[in-house]
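Colleague: Below, each chain spelled out in residue letters.
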Amino acid sequence: MDITFKDVSYIYQANSPFSHKALEDLSFHIPSGTFVAVIGHTGSGKSTLIQHLNGLLTPTIGEVQIGDYFINADKKPENLKELRSRVGVVFQYPEHQLFDETVAKDIAFGPKNFGVSEQEIESRIEEIIPAVGLDKQLLERSPFDLSGGQMRRVAIAGVLAIKPEVLVLDEPTAGLDPRGQREMMDMFYRLHKERKLTTILVTHSMEDAVRYADHVIIMNKGTKYMEGTPEEVFIQRDALNKVQLDVPEVIQFINSFEERFHIKIPFKRQSVQELAIQIQQVLKGAESSE
Amino acid sequence: MREKFIEFRNVSFRYGDEQPWVLENVSFEIYKDEWVAIIGHNGSGKSTIAKLMNGLLYPQEGEIIINGLPVNDQHVWEVRRQVGMVFQNPDNQFVGTTVQDDVAFGMENRGVPREEMTKRIGEVLKAVRMEDYLLTEPHRLSGGQKQRVAIASVLAINPNVLILDEATAMLDPRGRKEIMQTVADIQAKNEISLITITHDLQEVVQAERVIVMNAGKVWDEATPREIFTKKDELREIGLDVPFIALLADELKHNDVSIINEPLNHGELLEELWTLHSKM
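Going down the list, the protein sequences come from chains A and B. All residue numbers for the first sequence refer to the numbering used here, where the first residue is 1 and numbers rise by one. All residue numbers for the second sequence refer to the numbering used here, where the first residue is 1 and numbers rise by one.
Only chain B is shown next, with the shape it has when bound in the complex:
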């Protein structure tokens, strides 16, 4: 059995007494080392979940447990040490006057020794391919570069959970791919849980498990492969399905028998090849 790391128990949240519920009776678990993608249309409650995970918001009902600790005033600082978060807009996250200062900021707050700090700055900037920009001022960086620095800054404090809240939305496709490859490597090496809140289907496909949110409720929870078989239902709640899943579906409509639901080009080609050789 995998160890639970994050637990939402019947969580409901709204921004004010008169406001509608943003989350309603949400329960799920996320395990150590797991990669979970959270998807849903805008306003479905995804980002609220992220903010509840590190105590930026507290629920009105229910309970959130991070690594055995309930998220409340007493434990919030310990929780934040463990839950690193990167947001969508890089301009709202830069605090340093140079790239290396920015990465150092979180470590300074946690009293990391200088020698260790220098070493880690080098490591994390290399991981996000920004090692050539140590002394660059933030306003000289592109949005994508800033975001890579933001990710490096969070990684520098060694969190147990890394949450990317649409953190790649402002990057170009190649930049996104690089970031996702980077965080996947880091997750594999460092035993950290990864939660990606995203609209990018390629990011969803990479995850082990997907939590689909709709109108403040958990709509479904399954592997990407299982989720993307529900094409019509997903579209009804405003979501997309990957090109390959669409193509597989259209092939089925044209009497090409696809037996295993493919998630990537290789898998679909394999299906077609098997079919082809049988003919």
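Looking at chain A on its own, in the form it has when it is part of the complex:
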């Protein structure tokens, strides 16, 4: 589903002494099937933004359009429930939301609420369990007997079980160890491709944004600060530093390499392997020209 924000402002506790503007005049368009990374300093409005994607928050001013659903200050869509069955949100530390007796029941909770038949739920669970890297034998276990990483996968399976078209991920790898982080991000990327999802990833990791995203939105103080492909956005070191963000480490290295050697290696989302070959070429080139 296409996602469009049109001049969206959101004010917490409007008309009270505690009124606080979390989003201001935010506009962007995400075509269906895009993998978007939303990046910003703590307090930049990222979390407020994603709560607009399934109608948890309604814009104070402006309009949000998700597919054919319109959400604005005057009207919440009557079919909000339907919208929520199409936009799956994985909040931070989703394992804190597990509650049911067994893994299977916990995963089934979402689709059941949306009126999916028992039989269909069963077949969805069958399909999702391996997709999130869990073992079928865990289905009848209590989710609370699992490890942290497994619990998170169960919680994610619960969101995937509603078969969303839009998947919203709020720092989904926080607190996992490095291998767990990589496995989880690879899993989301695979699901994104296989199910042709529109994926919105809120992250602090520039590295993940470079590796997975087609499009990057940088938030600052509730407004859109920059937007573009990772190649366009991440080379703007000074602009990013200004809002307390760093460029990905590979670009930091390319920059300092250029300063030292006065030779520019363009950033093309190259892998470490590719970068090593480029550096080797540069050094060899220097050798042959002398």
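No lab work stands behind these hints, which were simulated from the structure alone. All C-beta atoms, glycine included, are put in the ideal place defined by N, C-alpha and C. Keep in mind that a hint or two might mislead.
[As the list claims (entries may be wrong)] Only pairs whose alpha carbons sit at most 30 angstroms apart, straight line, appear in this in silico BS3-like list of lysine-lysine:
(1) B/K126 - A/K268
(2) B/K230 - A/K284
(3) A/K268 - B/K177
(4) A/K21 - A/K75
(5) A/K163 - A/K112
(6) A/K264 - B/K126
(7) A/K21 - B/K126
(8) A/K221 - B/K126
[Stated by the list, open to error] Some chain B residues near chain A, calculated using beta-carbon distances under 8 angstroms:
(9) N42
(10) P138
(11) S142
(12) G144
(13) M170
(14) D172
(15) A188
(16) L239
(17) D240
(18) L247
(19) L251
(20) V256
(21) H265
(22) W273
(23) L275
Model the placement of chain B on the given structure of chain A, informed by the hints.
Modeller: This is chain B only, laid out in the frame that chain A set:
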């Protein structure tokens, strides 16, 4: 010789008689003023080590000595006075109704005079860049801000050891850097041992020594530079290596001779520059 401050002697721990061992025959020493990083995959026993250090848990086997005192019922309060700990989730650590109350809490428990308390609140909040939030209520703070207050609260009671148990995991990258810079400054000024339990490679690189845990055992113990030469082995036990170490490795595969294992951008550039000028 540096003075020992923390000693684990053949420590084994499990959460119940029927449970598997979380730590098995773990021995190591941490010295005064030392900065040690403890790394390992989730479930490798890192956090259990932290909880054993200030008597939140007691081992079934072996002995833990903190500043000459065995950690047991008799000494646990003295040990806790000396070992300050900051955990991952800031929401579980806030006790005050305002930032300054929260920082004051630990000092009040220890009977610090009011005047001294006010002075220290100012100092420690400044150290974590939260001095503008004295009267702010915790629920108005972001996770990162709460965590900075938690660190300030621990620093306020002048511990001899500061343990950060994945304390920066919920902060954004800049926030992490600021916290690490702050604790490094504090460690340098205050003669305190710093133990960072972390997955963040930048934090590991900053430490003097690294203890690598795997499946409840000490897998290795060395300087960051030595540890990160074992790239393939580290990956096998679920850990990562810094970008620069990876790049150095790939350069070597492409016949660029890197002689000294680099840990940061400057060091790798220096290596390349030396090579470049020789050509």
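Colleague: For every hint, state whether the structure bears it out.
Modeller: Against the structure, the hints:
For the hint pairing B/K126 with A/K268, the CA-to-CA distance comes to about 41 angstroms; that exceeds 30 angstroms, so the pair is violated. In summary, the hint linking B/K230 to A/K284 is supported, as the alpha carbons are separated by about 28 angstroms, within the 30 angstroms threshold. In summary, the hint linking A/K268 to B/K177 is supported, as the alpha carbons are separated by about 27 angstroms, within the 30 angstroms threshold. Distance hint between A/K21 and A/K75 is fulfilled; the C-alpha atoms sit about 21 angstroms from each other, no more than 30 angstroms.
For the hint linking A/K163 to A/K112, the alpha-carbon distance of about 12 angstroms falls within 30 angstroms, and the restraint holds. A threshold of 30 angstroms between alpha carbons decides the hint, and for A/K264 with B/K126 the separation of about 41 angstroms lies outside it, so the pair is violated. Distance restraint check for A/K21 and B/K126: the Cα-Cα separation of roughly 27 angstroms lies within the 30 angstroms cut-off, and the hinted pair is therefore satisfied. Restraint check: the Cα-Cα separation between A/K221 and B/K126 comes to about 23 angstroms, which is no more than 30 angstroms; the hinted pair holds.
Of the supplied interface hints, the one on B/N42 holds, with its beta-carbon coming within about 4 angstroms of a beta-carbon of chain A, less than 8 angstroms. The interface hint given for B/P138 is broken, as the beta carbon of that residue sits about 15 angstroms from the closest beta carbon of chain A, more than 8 angstroms. Annotation: B/S142 was flagged as interfacial toward chain A, and the flag holds, the nearest CB pair being 5 angstroms apart, inside 8 angstroms. The closest approach between the C-beta of B/G144 and any C-beta of chain A is roughly 5 angstroms, which is under the 8 angstroms cut-off, so the hint is satisfied.
For B/M170, the interface hint holds, the least distance from its beta-carbon to any beta-carbon of chain A being 6 angstroms, beneath 8 angstroms. Annotation: B/D172 was flagged as interfacial toward chain A, and the flag holds, the nearest CB pair being 4 angstroms apart, inside 8 angstroms. Hint on B/A188 is violated. Least Cβ distance to chain A is approximately 24 angstroms, over the 8 angstroms limit. Annotation: B/L239 was flagged as interfacial toward chain A, and the flag holds, the nearest CB pair being 6 angstroms apart, inside 8 angstroms.
For B/D240, the interface hint holds, the least distance from its beta-carbon to any beta-carbon of chain A being 4 angstroms, beneath 8 angstroms. Evaluation of the B/L247 hint against chain A yields a held restraint, the C-beta minimum of about 5 angstroms falling below 8 angstroms. Look at B/L251: its Cβ gets to within about 5 angstroms of chain A, closer than 8 angstroms, so that hint holds up. A hinted interface residue such as B/V256 counts as satisfied when its beta carbon comes closer than 8 angstroms to some beta carbon of chain A; here the least separation is about 5 angstroms, so the hint holds.
A least Cβ separation of about 5 angstroms between B/H265 and chain A falls short of the 8 angstroms threshold, and the interface hint therefore holds. At its closest, the beta carbon of B/W273 sits 6 angstroms from a beta carbon of chain A; the interface hint therefore holds under the 8 angstroms criterion. Using the Cβ-Cβ criterion of 8 angstroms, the hint placing B/L275 at the interface with chain A is satisfied: the shortest such distance is roughly 6 angstroms.
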